[in-house]
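J.: So you can see what is in the structure, the chains are spelled out below.
Protein chains: 2
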Amino acid sequence: MKARVHVTLKSGVLDPQGEAVRHALGTLGFEGISAVRQGKVIEIEFEEADEAQVRAQVELMCENLLANAVTENYAIEIS
Amino acid sequence: MKARVHVTLKSGVLDPQGEAVRHALGTLGFEGISAVRQGKVIEIEFEEADEAQVRAQVELMCENLLANAVTENYAIEIS
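Protein chains in written order, with the numbering used here: chain A, 4 to 82; chain B, 4 to 82.
Hints listed in this document are in silico derivations from the structure and should not be mistaken for laboratory results.
Think of the CB as a built atom: it goes at the ideal place given N, C-alpha and C, for glycine as much as any other residue.
Just to be clear, a hint being listed does not mean it is correct.
As the list claims (entries may be wrong) - Dumping the calculated PhoX-like pairs for lysine-lysine here, alpha-carbon to alpha-carbon at most 25 angstroms:
(1) B/43 x B/13
(2) A/43 x A/5
(3) B/43 x A/43
(4) B/5 x A/13
(5) B/13 x A/13
(6) B/5 x B/43
What the hints assert, rightly or not - If you want a taste of the chain B side facing chain A, the calculated C-beta under 7 angstroms gives, among others:
(7) 26
(8) 27
(9) 31
(10) 35
(11) 38
(12) 39
(13) 42
(14) 44
(15) 45
(16) 46
(17) 49
(18) 51
(19) 67
(20) 68
Construct all of the structure, not just a fragment, from the sequences and the given hints.
T.: Take a look at the structure:
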């Protein structure tokens with residue numbers, strides 16, 4: 004069973020990586036871009052096959068390691 | 004209109020960030036994890052509202068800037 008976690012900066016938190024990408028896209032001639040934000044995606048493969056247990060584990064992982072609750076949001080997808 | 008690009012390392016390409024996360028999760032007592040891979044997610048907001056045009060632009064952005072075609076795969080979602 005596979006879990007995918009998206010970790011993105013909360014709105015209002017400065018995102019220098021996203022700004023750098025936006026600037027580079029402008030330099031390359033791309034137009035009409037109003038905002039760029041960059042985040043992380045973490046894919047975790049589990050031996051466990053019970054969705055509820057996997058989700059509970061991943062929630063704990065996000066709280067303890069994967070995301071910083073002050074500045075980041077996370078979203079979990081199980082497949 | 005918003006595009007979300009997932010950039011992940013191709014399988015077979017060494018992923019030291021993912022390995023570091025796997026190791027840290029093990030240290031925290033999480034068990035039954037067979038693999039961890041870490042990638043990037045880039046969210047781009049467009050003024051343009053035509054899905055086909057936005058998708059074509061984002062494909063070009065991936066080829067020219069966002070992903071390294073030798074080592075990385077990318078997937079585009081438009082919403």
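J.: If a hint holds in the structure, say so; if it doesn't, say that too.
T.: Here is how each hint holds up against the structure:
no., hint, result
1, B/43 x B/13, "holds, 13 angstroms"
2, A/43 x A/5, "holds, 16 angstroms"
3, B/43 x A/43, "holds, 5 angstroms"
4, B/5 x A/13, "holds, 17 angstroms"
5, B/13 x A/13, "violated, 28 angstroms"
6, B/5 x B/43, "holds, 16 angstroms"
7, 26, "violated, 11 angstroms"
8, 27, "holds, 6 angstroms"
9, 31, "holds, 6 angstroms"
10, 35, "holds, 4 angstroms"
11, 38, "holds, 4 angstroms"
12, 39, "holds, 5 angstroms"
13, 42, "holds, 5 angstroms"
14, 44, "holds, 5 angstroms"
15, 45, "holds, 5 angstroms"
16, 46, "holds, 5 angstroms"
17, 49, "holds, 6 angstroms"
18, 51, "holds, 5 angstroms"
19, 67, "holds, 6 angstroms"
20, 68, "holds, 6 angstroms"
Checked against the numbered hints above, the structure breaks hints 5 and 7 and satisfies the rest.
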